[in-house]
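Take a look at the letters that make up each chain.
Number of protein chains: 4
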Amino acid sequence: MKRVGIIGASGFAGAELMRLCAGHPEFEVVFASGDSQAGTPVGELYPSLTAAYPDMTLEPWEVIPAGLDIVFIALPHGASQAIVPKLDAAHILDLAADFRLDDPSLYPTWYGQEHTAPELLDDFAFGMPELFRDNLFGATAVAVPGCYVTTASLTLAPLVKAGLVEPTGIVVDAASGVSGAGRAAKPGTTFSAVDENFTAYGLLNHRHTPEMEMAIGRHAGTDVQLLFTPHLAPMNRGILATCYARPTGEETTEQLLAVMAEAYADEPFMVVSEAVPSTKATLGSNSVHVTVRKDERTGWVVAIGALDNLVKGAAGQGIQCANLAVGFDETTGLASAGMYP
Amino acid sequence: MKRVGIIGASGFAGAELMRLCAGHPEFEVVFASGDSQAGTPVGELYPSLTAAYPDMTLEPWEVIPAGLDIVFIALPHGASQAIVPKLDAAHILDLAADFRLDDPSLYPTWYGQEHTAPELLDDFAFGMPELFRDNLFGATAVAVPGCYVTTASLTLAPLVKAGLVEPTGIVVDAASGVSGAGRAAKPGTTFSAVDENFTAYGLLNHRHTPEMEMAIGRHAGTDVQLLFTPHLAPMNRGILATCYARPTGEETTEQLLAVMAEAYADEPFMVVSEAVPSTKATLGSNSVHVTVRKDERTGWVVAIGALDNLVKGAAGQGIQCANLAVGFDETTGLASAGMYP
Amino acid sequence: MKRVGIIGASGFAGAELMRLCAGHPEFEVVFASGDSQAGTPVGELYPSLTAAYPDMTLEPWEVIPAGLDIVFIALPHGASQAIVPKLDAAHILDLAADFRLDDPSLYPTWYGQEHTAPELLDDFAFGMPELFRDNLFGATAVAVPGCYVTTASLTLAPLVKAGLVEPTGIVVDAASGVSGAGRAAKPGTTFSAVDENFTAYGLLNHRHTPEMEMAIGRHAGTDVQLLFTPHLAPMNRGILATCYARPTGEETTEQLLAVMAEAYADEPFMVVSEAVPSTKATLGSNSVHVTVRKDERTGWVVAIGALDNLVKGAAGQGIQCANLAVGFDETTGLASAGMYP
Amino acid sequence: MKRVGIIGASGFAGAELMRLCAGHPEFEVVFASGDSQAGTPVGELYPSLTAAYPDMTLEPWEVIPAGLDIVFIALPHGASQAIVPKLDAAHILDLAADFRLDDPSLYPTWYGQEHTAPELLDDFAFGMPELFRDNLFGATAVAVPGCYVTTASLTLAPLVKAGLVEPTGIVVDAASGVSGAGRAAKPGTTFSAVDENFTAYGLLNHRHTPEMEMAIGRHAGTDVQLLFTPHLAPMNRGILATCYARPTGEETTEQLLAVMAEAYADEPFMVVSEAVPSTKATLGSNSVHVTVRKDERTGWVVAIGALDNLVKGAAGQGIQCANLAVGFDETTGLASAGMYP
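Residue numbers (the working numbering), protein chains in the order written: chain V, 1 to 341; chain U, 342 to 682; chain G, 683 to 1023; chain C, 1024 to 1364.
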């Protein structure tokens, strides 16, 4: 059994790591921190975890034992920059944005502050196995990308890499469940504000934009520019991204689908199909569903992808990367079957 | 009091007409049909209407009294073509698509069958007061446009008319609540299928596409071409359309907003603001909320609009048109305030 | 037009008063306060009200004009005790609990503090027209009861008054939508906490218990004792109360229903039927749906009632009482038809 | 690996069995039937299962291979009576009501028809491990009780058995998510009918009543009589039962909780706590949360329990029983941690 620590277990991504580790045959959570909740039993904050962790209490992160096999960090952006240099663990997986961007100059622009540990950026592998698996075998530090980035990148990357769509002028129009906004009670995340509501937010400058451009561009070997419009849908989980791009040639829907299917032929969590993806088909699983269409009338290529933002978009992808890092089968402890309904 | 008949009161749009007429100070529903439900008390099918219509029973449409002041038709597409020629009423308002398109040749393409009464198309005014009010004063026949068309048209028309965006290459990416799919129980509209789900449907060829192109184009005096992608959101009501267009010039967000605000300055139901529209702000009301942005980084213009699909997107717009047709103040009996939460 | 002021317009009940007054032909809101939001445009806090109140800003309650015709107070419990003595208005309607209980000694027990203006308790009429209408004609001060109390009282009172069920040993098991918890963001009212969840709260000692006992008991002329268990359902609005009582005689379901129907025969907002009430049938309306059953097998009488907690359970009932106080038809400006779906 | 067949995989309980078996380390689904869907790929009916069962197609049940280790039957009531006699399998687990009641005379009363295989009733163990585990080790036939029955029985049984509450006069007031009504599209299960709605149904004579009475009574060794009122809550999954009973003595809340805790001290899926159970804490898991209160004011004992109706209330309990039947650890392949949010 690998000894696992989770820093930030009081947030949704951290709690999801707790849930998934409880079902992982080779991971044992021996430490969980939640600074603002230190001293609180895990099951008091998350009754859903009472049966699995009847005796565990959240602690301050500083008392994490040294020498753990795996440490997941699931903190708000900016916090792990300060923590990582102090950690002593065989494998570190950071679920925040702190070590995702390879160009430190992007942080002031999109996150509003200088990176405080830019020298560590190169140490971190980008944790999206389907596009960058080679970097993950045995990795000691992984920056796990987030939900919107994973959805858009896995949906668009094969098409951009194959040169079938223009890498600029792309529109990513996406909708997310509310858990993406975190556990904290805010005026915009109350039930009364969200239920029976659909709205857009973060217009023009959502901070995950450059990660999408970087991930797709690095995979395809070209510069990518896209406009990302996130929406909030009245549901707990799930992201669906509907992406619009200009074709470079005359490929039909069938041909585009074939390229996607070929790209993901050996991926255990990718489902490529003519069926239109839906968030619900991925609920609770680590799977990603994608499709693509060519509109002969207007000339647009429309590619759509869906996943569970807390599993493949956060904790599940983190565990998938950890499995690769420690040498396990990458699917260990991860469900490919979604919960329905 | 105007004597009102509602053909198709068993569907959601018809039931919403019943609700709105119950609160209209000058309309009295004297007849309601629901062919498949003929003989059923209104309140048995819609308990929400029991208190307002304790003694009314749904009848077959054929027994509608002659000489009513106003008749609303709220039937599935294709049915009113056969009914309208037989109606004897001072003002007919059809909420279906049968008399919306001015070019009869579009019907086989988008609706799969020839129009059976093309000679009547010219008799019908297009019922979108904010863009085509002049045709509605005293109109004897009105084709009331539907929810997606009204949302996209009111969001985009001022920008296209002012020549600020290209009239082609437009993307309309929209999400709707489930009531847009009607009352009938179908595998895709069960709670278990819809709740906690977000998905796209009708890819590339949704039949409301040509109505959007016609409405915007006619208002702007130019040919419009757009790609429309509808999505299904887990909520009862509401439509939000996020529209992407290419700018023709260098106008900023402020300038685009000013053009929109000017276009709708005297409209009682239009709210133009920098605030991002949300479906919930329009719930139960006849109001439409719109905004616009220019993304200097990628060059896209993003315009967003929201409304209640059963009110401004159906029954409310029908009543607004009926008010104009009979000479009432256009806001009579219609709420501009939404129900929240 | 009656000049209306609303103290506490930033909360849900206050905002609902704003919505209903916007549609009331004889009420004009000339003042709206929201102390913690003073200076905020109404439409910024509630975009749903932008179209109806484009130019109104929330003010501190102290600047309320003197001599208004009607003042509604919609503040958290305890606040109106201090405000009422300072108000100069022809008719005051308080939607809080401050003046509902006739026995001041109940306040320390159920609300945890002494009443600071017990001498005013006798000035307030209890604002439930269906049970206590005589006190409301021309009333200068009305204590409008809340959602749970109105539901349980209107469901049980006719049966208790007629002596058909025992007045003690009653169980009121009720579920409410989340808006009953107010607008403030709290850990227990986030979408993530509430959606897909059903739970009980306030076990044994919910503070609305004595109001129910008082209202039913006063109407029936007997002492009532009941156990009230509220639940939270994942929806915005609506309350359904399922009440269990022991029969005193052998009356059948039909006989019990007949007594209920007779009791409410002339009530414009009461729907008595064998159909099982549902919250959705009352959404947005001032209607109350009730039914009753006798279980011959176990001997229990089961009575069920439903209403919209923000309309008949708060703002709508307030307006109904205000109509009676100023001498209007009691239904003026109130919908009996619910919004569906 | 045990070779598993699932008869009725097209329904929700069957699909949940598919999901759970996909994550079970020792169960392999080799056959899945869905008569009305025979010939349909599993992933076409349930896209959530595409990744886990990419190549499996639903078949008619008659072609089930002989000699399977385990066969689950998840059909509507009445169907398994005809199928069981024809099955050749080492262990049969029926999720319907066909073999749950020990007294065949109850079937005509509560299910409206005579049992066609009453001689098999004695062969079936009642599949509720927490109350009747001894019968399940090595069992060849198990009747797995359903969601309402499991919730009410596990909540009340320890109190009745300990003689702390009267076994008659009990009220079970429960709410369920919509998946309990099955996959079929019906007018009452559309999103538009269910969302934002809370209502009661099956008043007085819901057919699961005698199972509750039998399960609790058999465990406690006494005759039990209760009134069961189910409600429909606007959510996919989950059942919460709030139960009211008369105490026999003076035990306090603390004493009642202690008895419950003692009864379930060694149960891996039972969580006994003073915390109020919520359906969401059990989502996707096999756990059951229970609590109890004594109301000193009115004398009532209130006991509350919650679980996931498709897991512990159906498929999960089936797998728990199958584990016991074949000799595995009873928790194998079952999550005790719930999915949140």
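Hints listed in this document are in silico derivations from the structure and should not be mistaken for laboratory results.
Yeah, the Cβ is synthetic: ideal placement off N, Cα and C, and Gly gets one too.
Take the hints with a grain of salt, since some may be wrong.
Unchecked claim - Cβ-to-Cβ under 7 Å is the rule here; a few derived chain V residues that face chain G:
#1 Val178
#2 Ser179
#3 Pro187
#4 Phe191
#5 Ser192
#6 Asp195
#7 Asn205
#8 Thr298
Claimed, not checked - The calculated lysine-lysine pairs, modelled on BS3-like cross-linking and capped at a C-alpha distance of 25 Å, are:
#9 G/Lys843 / G/Lys768
#10 U/Lys343 / U/Lys427
#11 U/Lys527 / C/Lys1209
#12 G/Lys768 / V/Lys186
#13 V/Lys2 / V/Lys86
#14 C/Lys1025 / C/Lys1109
Stated by the list, open to error - Distance ranges between label pairs, derived from CB positions:
#15 V/Pro76 / U/Asp444: 27 to 35 Å
#16 U/Thr593 / V/Glu166: 20 to 28 Å
#17 V/Gln255 / C/Gly1350: 50 to 58 Å
#18 C/Asp1352 / U/Pro382: 52 to 60 Å
#19 C/Thr1355 / U/Ser614: 40 to 48 Å
#20 C/Thr1355 / V/Asp223: 13 to 21 Å
#21 V/Thr40 / U/Gln566: 52 to 60 Å
#22 V/Ala184 / G/Gly884: 19 to 27 Å
Verification of the supplied hints:
no.	hint	in the structure
1	Val178	5 Å, holds
2	Ser179	5 Å, holds
3	Pro187	5 Å, holds
4	Phe191	4 Å, holds
5	Ser192	5 Å, holds
6	Asp195	5 Å, holds
7	Asn205	22 Å, violated
8	Thr298	33 Å, violated
9	G/Lys843 / G/Lys768	38 Å, violated
10	U/Lys343 / U/Lys427	21 Å, holds
11	U/Lys527 / C/Lys1209	8 Å, holds
12	G/Lys768 / V/Lys186	34 Å, violated
13	V/Lys2 / V/Lys86	21 Å, holds
14	C/Lys1025 / C/Lys1109	21 Å, holds
15	V/Pro76 / U/Asp444: 27 to 35 Å	55 Å, violated
16	U/Thr593 / V/Glu166: 20 to 28 Å	26 Å, holds
17	V/Gln255 / C/Gly1350: 50 to 58 Å	53 Å, holds
18	C/Asp1352 / U/Pro382: 52 to 60 Å	58 Å, holds
19	C/Thr1355 / U/Ser614: 40 to 48 Å	57 Å, violated
20	C/Thr1355 / V/Asp223: 13 to 21 Å	51 Å, violated
21	V/Thr40 / U/Gln566: 52 to 60 Å	58 Å, holds
22	V/Ala184 / G/Gly884: 19 to 27 Å	24 Å, holds
In this structure, the hints that do not hold are numbers 7, 8, 9, 12, 15, 19, 20, in rising order.
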